[in-house]
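Enquirer: Build the full structure now, drawing on both the sequences and the hints.
So you can see what is in the structure, the chains are spelled out below.
There are 6 protein chains.
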Amino acid sequence: TPESAERTAVPGVATGLAVTGAGGDVLFIEATSMEGEPGLTLTGQLGDVMKESAQIALSYLRSNGRKLGLDPNALAGRRIHLHVPAGAVPKDGPSAGITMVTALASLASGRPVRPEFGMTGEVTLSGRVLPIGGVKQKLLAAHRAGLTEVIIPARNEPDLDDLPAEVRAALTVHTLADVADVLALALRPAEDLGDLGKIDGPALAAA
Amino acid sequence: TPESAERTAVPGVATGLAVTGAGGDVLFIEATSMEGEPGLTLTGQLGDVMKESAQIALSYLRSNGRKLGLDPNALAGRRIHLHVPAGAVPKDGPSAGITMVTALASLASGRPVRPEFGMTGEVTLSGRVLPIGGVKQKLLAAHRAGLTEVIIPARNEPDLDDLPAEVRAALTVHTLADVADVLALALRPAEDLGDLGKIDGPALAAA
Amino acid sequence: TPESAERTAVPGVATGLAVTGAGGDVLFIEATSMEGEPGLTLTGQLGDVMKESAQIALSYLRSNGRKLGLDPNALAGRRIHLHVPAGAVPKDGPSAGITMVTALASLASGRPVRPEFGMTGEVTLSGRVLPIGGVKQKLLAAHRAGLTEVIIPARNEPDLDDLPAEVRAALTVHTLADVADVLALALRPAEDLGDLGKIDGPALAAA
Amino acid sequence: TPESAERTAVPGVATGLAVTGAGGDVLFIEATSMEGEPGLTLTGQLGDVMKESAQIALSYLRSNGRKLGLDPNALAGRRIHLHVPAGAVPKDGPSAGITMVTALASLASGRPVRPEFGMTGEVTLSGRVLPIGGVKQKLLAAHRAGLTEVIIPARNEPDLDDLPAEVRAALTVHTLADVADVLALALRPAEDLGDLGKIDGPALAAA
Amino acid sequence: TPESAERTAVPGVATGLAVTGAGGDVLFIEATSMEGEPGLTLTGQLGDVMKESAQIALSYLRSNGRKLGLDPNALAGRRIHLHVPAGAVPKDGPSAGITMVTALASLASGRPVRPEFGMTGEVTLSGRVLPIGGVKQKLLAAHRAGLTEVIIPARNEPDLDDLPAEVRAALTVHTLADVADVLALALRPAEDLGDLGKIDGPALAAA
Amino acid sequence: TPESAERTAVPGVATGLAVTGAGGDVLFIEATSMEGEPGLTLTGQLGDVMKESAQIALSYLRSNGRKLGLDPNALAGRRIHLHVPAGAVPKDGPSAGITMVTALASLASGRPVRPEFGMTGEVTLSGRVLPIGGVKQKLLAAHRAGLTEVIIPARNEPDLDDLPAEVRAALTVHTLADVADVLALALRPAEDLGDLGKIDGPALAAA
Ligand SMILES: [Ca+2]
Ligand SMILES: [Ca+2]
Ligand SMILES: [Ca+2]
Ligand SMILES: [Ca+2]
Ligand SMILES: [Ca+2]
Ligand SMILES: [Ca+2]
Ligand SMILES: [Ca+2]
Ligand SMILES: [Ca+2]
Ligand SMILES: [Ca+2]
Ligand SMILES: [Ca+2]
Ligand SMILES: [Ca+2]
Ligand SMILES: [Ca+2]
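Residue numbers (the numbering used here), protein chains in the order written: chain A, 46 to 252; chain B, 46 to 252; chain C, 46 to 252; chain D, 46 to 252; chain E, 46 to 252; chain F, 46 to 252.
Because the hints were derived from the structure by calculation, they are not lab data.
Take these hints with a grain of salt, some might be off.
The list makes no distinction among identical chains, and a pair is therefore deemed to hold if it is satisfied within one copy or across any two copies.
Stated by the list, open to error - Here are the simulated EDC-like pairs of lysine to aspartate or glutamate, each with C-alpha atoms no more than 20 Å apart in a straight line:
no.	residue 1	residue 2
1	Lys96	Glu82
2	Lys181	Glu202
3	Lys181	Glu82
4	Lys112	Glu51
5	Lys112	Asp70
6	Lys112	Glu80
7	Lys136	Asp93
8	Lys181	Glu161
9	Lys136	Asp116
10	Lys136	Glu202
11	Lys136	Asp70
12	Lys112	Glu82
13	Lys96	Asp137
14	Lys181	Asp204
15	Lys181	Asp206
16	Lys112	Asp226
Expert: Dropping the structure here:
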């Protein structure tokens, strides 16, 4: 999908799947960090449950980063900002949990998320992937958006029966129970990082 | 129980018993810690009373840790995050108190909780275990979930008469009045810790 | 009273008297302290007035501790946690004021509260004991609970006429106007402290 | 008045006059200070306007203390606690302003407030005394309580016509426009301080 | 006007013009500063818009103070308290903006505000003076209060046609678009400062 | 436009386009910075979504400033104040996002915004420009206000068909997808900065 490719070209952005009033949709989780008072800034009109998901995602990575191979300092002692466009649309629910973990791990590792991947699943503080709702609408939306690889919770595998056969055939669906496996699958390998940082160059180069 | 075993395989997770609209259920308390502003992050849509239970559990351990044999620095000067999945389900009440103490003591000691144990009971700041409601539904749920050892408050002993005989026979029920006794019973001994930390290995080992 | 004796066996716990929907009752104020951001954590579903009582109690002791013979550092620069079980029962009103001062002074001095004492009375910032309501129900509850010494505000002395003669005869009632006198009466003398600290011993002695 | 004399025996307590549902009444403003995070703790179920009065009173003294002859460090860098008993009675309005300034100046100077004085008046940040309501009820209450000297705002002088002649004759009424004049009048002179600090002696002298 | 002269005799007080339920009125903005946590304390029952005006006024001066000739340290690193008497009257709206800038600049420079001046106008963060409502009532009130010089926003000049001729003749009206011009006009020159600081002398000179 | 030229004469002010109850309108975003507690002060009665836009704008610049050629210290470790006049008019929505980024980048670089430019567009945390509503009314307002260059989101290009031909002809419309391109276009080049700082000179030069 061109949009997903464009959005996930930089580290810190992951593609999620959501249920909206009008069926399913693709959403992007954007994460960045900066010097400043350590903590988490959350924007995108997120509800209470979704804000808690972001806290869980960050705590999981900060507590388990070392054994995941992440630089332990990448997410500590910095201000993290996590945004979910579009900015005026209220969003809630726990199902963006694994997408948030993925966006933050991408930011921390400098490894972009594979553009062909979309994902949905609640995450717990110890990294378990819990089942969510709306699998059919979410996978139809992933297919419409041109995604070809999808991650869902292991305990949602029975929901795949509801998918039309041609959609099921077009998607590679990964059913996972541990968010460490999500990260191993969805982040681009470190060796592909050669051309990152090649962004525009100083556009503002002041006097 | 396979789920309880999987969940409690790492230190910091304890199995509680709750009453829900649909009878009793098993819930998991997850605790972790990280460097950062000292204090308590609470997630899982917890109500006021349950949030206070978590503060009481932490204060009890911080004030009494030394005489319990806990490293006095394990819970001080760090950010503690306590989560109760599932993230979208509102939860309240004081009866998860001893489960919270157990999860935090497990985290602080590095000793996992015994997977066959479920527990319920309010805890006070000086470590007394106070009676709670719903003992029958909670023990039926523990039995259904495959747990074999259950801890309840001493003053709830009369409620055991309401249990079906075969459930009563299948469960070893411990009626306790002091949370120090809960910890002595529910945490795996230190000598069993040989194979902890043997988790997956660096999945993200960056460039 | 066995319960009061058990509860007040450690420094920091005092026995109060309250009016509830169902007459009077005994309640326990538990206080503890720990390293951390200085300040007051309050739990037990306390209402606004009762939270203010706790602030008044702490400020009184911090401002007057030296002349009361308290270690001036015992309550300064530490996190104080004050809890009133049972955790799910809402509580309010100013009449626990002198009980809160007593619990905190017990904590600061290491001197437990005498187990045979119950007390009720509002406290002001300069240590005056102001009158409260419900004296009759509170003293009946104290008697039922096996307490034998009761402290009430001096200006509540007329309320003693309402007590049944046999209850009046069974209780030693102290009518006081200055909270310093409450402390002099209700705390166990320092010379009795020989066997404190002899609690269970390390139950968790980790690897 | 015996009560006023007892209450104002220590520095930091001033006698105010208030209008209640049942006519006028005397109230006491208690102030104390302690080491800790600098700032103002307010208790006594104070409404928004009355809380702002306390901030104004403190800022006035901190900004003008030096020219008032107050130790500039007495109110800076310390935690100030101001309480208005009775703790459960809601109170509001600006008319306790000059009483709050007086209580805080008494605390800062160590000079008790003269026990025969009651006072009422709004104070501004630059020390002007603004008019208030309820002068007649307040002065009747002062007389009933045995006070003999009363301070009211200069612009309230016309309200004195409403007082019964015998009450007017029994009271010395000072009509003032500058709170510095209130302090000069209501605080006991420094030379009377000989027997202060002679309070009970260590009642708790611990082991 | 005697009242305005008395109020503005000290630096930090400026005379504003307001619309009330009963026509226009004069109000005073009082500002002071003290050591303490840097920031802004606002009292006088100010509404949201008026509180924001105060923040804008302070930020304008802190960002532009140097080019206005203000001591850059006068408003930085100190606690600023801004109060608008009378304390119990709710107030809101942006039209006190230039009066707030003037009061704060007076405080920072030590130059009192000219007592014959009243003013009204919204201020923006870059110092533009925006139009406000109620010009006629405000200028009638200024005239009634004995003020002779009035500052209004340039874009409110057409509103002057509504004034009665004799009021228009009695007032010198300045129509300004830049708040720097307001300050140049309304603050007393530095050379007049000879007799400031000559206030009463130590009234409290303690023991 | 004279007003826009006057407003944007100093760095830190950008011209936005908004939809109001009465069609479209031009608004100005003003930004300034000062020493103080790092963070963002927002005024102008901004709604939740608009406040989040400001946080996104600041985080984008702080995370990407170096590659945009901005001094990395210009926006870090300082208090940023962003105001949207008029102060009493409530405002909300995400469409001021790119105007906020532009005002802040102007402040950080010292390069004023070109006075002939107006702009509208939501911004994401990674700098994407998302489509907004009300393009027709906003461009009519830009034309009425005398602006000649307008920036809109790339995905809003189809909305240009709705514009009257003479307005379309009078405006140069830039349809952009990356906020870095907005900055490259809308900020005056560094070499034009010769006469900045030439503002009035010390108007207050104190004694
Ligand atoms: Ca919610
Ligand atoms: Ca969901
Ligand atoms: Ca509640
Ligand atoms: Ca419960
Ligand atoms: Ca209340
Ligand atoms: Ca009560
Ligand atoms: Ca009471
Ligand atoms: Ca109010
Ligand atoms: Ca009043
Ligand atoms: Ca408002
Ligand atoms: Ca909103
Ligand atoms: Ca919008």
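Enquirer: Taking 20 Å as the upper bound on the Cα-Cα distance, should Lys181 and Asp204 be classified as within, between, both, or neither?
Expert: within (7 Å within a copy, 34 Å between copies)
Enquirer: 20 Å Cα cut-off: does Lys112 pair with Glu80 within a copy, between copies, both or neither?
Expert: between (25 Å within a copy, 16 Å between copies)
Enquirer: At most 20 Å between CA atoms: does that hold for Lys96 and Asp137 within a copy, between copies, both, or neither?
Expert: Cα proximity of Lys96 and Asp137: in one copy and across copies (8 Å, 19 Å).
Enquirer: How do Lys112 and Glu82 come out at 20 Å by Cα distance, when the copy is not named: within, between, both, or neither?
Expert: neither (26 Å within a copy, 22 Å between copies)
Enquirer: Given a CA cutoff of 20 Å, do Lys181 and Glu202 count as a within-copy pair, a between-copy pair, both, or neither?
Expert: Classified as within; 11 Å inside a copy, 33 Å across copies.
Enquirer: Checking an output row: Lys136 and Glu202, CA cutoff 20 Å. Within, between, both or neither?
Expert: Neither: 25 Å inside a chain and 27 Å across chains, both beyond 20 Å.
Enquirer: If the cut is 20 Å between Cα atoms, do Lys112 and Asp226 qualify within a copy, between copies, both or neither?
Expert: This pair counts as within: shortest intra-copy Cα distance 13 Å, inter-copy 33 Å.
Enquirer: Pop the pair Lys181 and Asp206 into one bin, within, between, both or neither, using alpha-carbon distances up to 20 Å.
Expert: within (9 Å within a copy, 38 Å between copies)
Enquirer: Within a copy, between copies, both or neither: which one fits Lys181 and Glu82 at a CA-CA cutoff of 20 Å?
Expert: neither (41 Å within a copy, 42 Å between copies)
Enquirer: What label fits Lys181 with Glu161 when the C-alpha limit is 20 Å: within, between, both, or neither?
Expert: Result: close within a single copy only, 18 Å intra versus 36 Å inter.
Enquirer: Please sort Lys96 with Glu82 into within, between, both or neither, judging by C-alpha distance up to 20 Å.
Expert: Intra 19 Å, inter 19 Å, cutoff 20 Å: intra and inter.
Enquirer: For the identical chains here, do Lys136 and Asp116 meet the 20 Å Cα criterion within one copy, between copies, both, or neither?
Expert: Classified as neither: same-chain Cα gap 31 Å, cross-chain 35 Å, threshold 20 Å.
Violated hints, listed in ascending order, are 3, 5, 9, 10 and 12; each of the other numbered hints is respected by the structure.
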